Amino acid sequence: EVQLVQSGGALVQPGESLRLSCAASGFTFSSYWIHWVRQAPGKGLAWVSRIEGAGSTTNYADSVKGRFTISRDNAKNTLFLQMNSLSAEDTAVYYCARSFRYFDGTYALDIWGQGTLVTVSS
Amino acid sequence: QSVLTQPPSASGTPGQRVTISCSGSSSNIGSNSVHWYQQVPGTAPKLLIHSNNQRPSGVPDRLSGSKSGTSASLAISGLQSEDEADYYCATWEDSLKGWVFGGGTKLTVL
Numbered sequence: 022e023v024q025l026v027q028s029g030g031a032l033v034q035p036g037e038s039l040r041l042s043c044a045a046s047g048f049t050f051s052s053y054w055i056h057w058v059r060q061a062p063g064k065g066l067a068w069v070s071r072i073e074g075a076g077s078t079t080n081y082a083d084s085v086k087g088r089f090t091i092s093r094d095n096a097k098n099t100l101f102l103q104m105n106s107l108s109a110e111d112t113a114v115y116y117c118a119r120s121f122r123y124f125d126g127t128y129a130l131d132i133w134g135q136g137t138l139v140t141v142s143s
Numbered sequence: 002q003s004v005l006t007q008p009p010s011a012s013g014t015p016g017q018r019v020t021i022s023c024s025g026s027s028s029n030i031g032s033n034s035v036h037w038y039q040q041v042p043g044t045a046p047k048l049l050i051h052s053n054n055q056r057p058s059g060v061p062d063r064l065s066g067s068k069s070g071t072s073a074s075l076a077i078s079g080l081q082s083e084d085e086a087d088y089y090c091a092t093w094e095d096s097l098k099g100w101v102f103g104g105g106t107k108l109t110v111l
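These protein sequence lines map, in sequence, to chains A and B. First residue of the first sequence? That's 22 in our numbering, and the numbers climb one at a time after it. First residue of the second sequence? That's 2 in our numbering, and the numbers climb one at a time after it.
There may be inaccurate statements among the hints.
Stated by the list, open to error - Below, in silico cross-link-like pairs of lysine-lysine (DSS-like), each with a Cα-Cα straight-line distance of 30 Å or less:
hint, chain 1, residue 1, chain 2, residue 2
1, A, 97, A, 86
2, B, 47, B, 98
3, B, 98, A, 64
4, A, 97, B, 98
5, A, 86, B, 47
6, A, 64, A, 86
7, A, 64, B, 47
8, B, 47, A, 97
9, B, 98, A, 86
10, B, 107, B, 47
11, B, 107, A, 64
Stated by the list, open to error - Here are a few chain B residues that face chain A, going by a calculated C-beta distance under 7 Å:
hint, residue
12, 34
13, 96
14, 100
15, 102
It should be emphasised that the hints constitute simulated quantities derived from the structure, not laboratory data. Since the model is a prediction, treat every value here as computed from it, not as a measurement. All residues carry an ideal CB built from backbone N, CA and C; glycine is no exception.
Throw the hints in and build the complete structure from the sequences for me.
Given below as structure tokens:
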């Protein structure tokens with residue numbers, strides 16, 4: 022079964038750090054771009070970051086640039102999101118999602134992890 | 002404030018047809034495909050429509066998508082109680098090198 026299983030969410034204090042993980046199975050992990058998308062409580066979806074299959078190219082939303090780092094370990098089929106200098110505005114459910122390339126050349130996020138809650142509060 | 006604009010809510014009775022709109026600009030919808038996601042509260046989003054109007058395997062054909070210029074829409078015909086959920090449109094934003102989403106539309110089946 023193709024799936025992404027997430028872990029790492031927690032309650033942390035402002036200014037602290039946290040690392041999220043996303044373990045892939047059922048597909049060739051290293052062949053896909055993987056993304057992080059977050060959803061603040063009661064709000065919509067917001068893209069956070071992406072990483073290319075080999076890990077050499079990454080992009081970030083302006084709201085997290087310089088604080089978050091996306092990385093991957095293809096030998097362990099695992100994606101990471103290192104989050105530093107966390108603030109209350111980072112409180113959200115974080116999802117990892119696979120980017121799949123369709124026949125017409127377009128990409129869509131087709132497989133999503135179950136989500137993990139990050140709460141930043143004192 | 003989301004980059005893509007959706008109505009916050011929509012509703013219909015069982016069997017009816019409902020449409021949800023999504024408006025963007027030339028740098029996002031105008032130059033990229035639109036995708037639609039369904040999210041039941043407390044669960045992860047599920048891909049419903051990709052590439053403007055293509056249904057992944059397992060998605061019923063009473064769901065359809067379309068795009069014209071800088072707008073897109075999702076149509077659900079033969080509305081069922083299990084369609085009650087939040088629906089999000091999404092597309093690639095070239096300037097951001099990232100995904101942009103609509104604010105979501107809460108669909109209520111009356």
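Here is how each hint holds up against the structure:
1. With a CA separation close to 26 Å, the supplied pair residue 97 (chain A) and residue 86 (chain A) stays within the 30 Å bound.
2. The suggested pairing of residue 47 (chain B) with residue 98 (chain B) holds, with an alpha-carbon distance near 22 Å, which does not exceed 30 Å.
3. Under the criterion of a C-alpha separation no larger than 30 Å, the hint pairing residue 98 (chain B) with residue 64 (chain A) is consistent with the structure, at around 22 Å.
4. A threshold of 30 Å between alpha carbons decides the hint, and for residue 97 (chain A) with residue 98 (chain B) the separation of about 27 Å falls inside it, so the pair holds.
5. Between the alpha carbons of residue 86 (chain A) and residue 47 (chain B) the distance comes to roughly 27 Å, so the proposed pair stays at or under 30 Å and holds.
6. Taking the CA atoms of residue 64 (chain A) and residue 86 (chain A), the gap is near 21 Å; set against the 30 Å cutoff, the hint holds.
7. Taking the CA atoms of residue 64 (chain A) and residue 47 (chain B), the gap is near 17 Å; set against the 30 Å cutoff, the hint holds.
8. Note on residue 47 (chain B) and residue 97 (chain A): the hinted pairing holds, with a Cα-Cα distance of about 26 Å set against a maximum of 30 Å.
9. Among the hinted pairs, residue 98 (chain B) with residue 86 (chain A) is consistent with the structure: their alpha-carbon atoms are about 13 Å apart, no more than 30 Å.
10. Restraint check for residue 107 (chain B) and residue 47 (chain B): satisfied, since their Cα atoms lie roughly 15 Å apart, inside the 30 Å limit.
11. Restraint check: the Cα-Cα separation between residue 107 (chain B) and residue 64 (chain A) comes to about 12 Å, which is no more than 30 Å; the hinted pair holds.
12. Checking residue 34 (chain B) against chain A by beta carbon gives a least distance of about 4 Å; that is within 7 Å, so the hint holds.
13. Because the beta carbon of residue 96 (chain B) sits about 11 Å from the nearest beta carbon in chain A, more than 7 Å, this interface hint is broken.
14. Interface hint status for residue 100 (chain B): upheld, as the beta-carbon distance to the closest one in chain A is roughly 4 Å, under 7 Å.
15. Satisfaction of the interface hint for residue 102 (chain B) is found here, the shortest Cβ-Cβ separation to chain A being roughly 4 Å, below the 7 Å cut-off.
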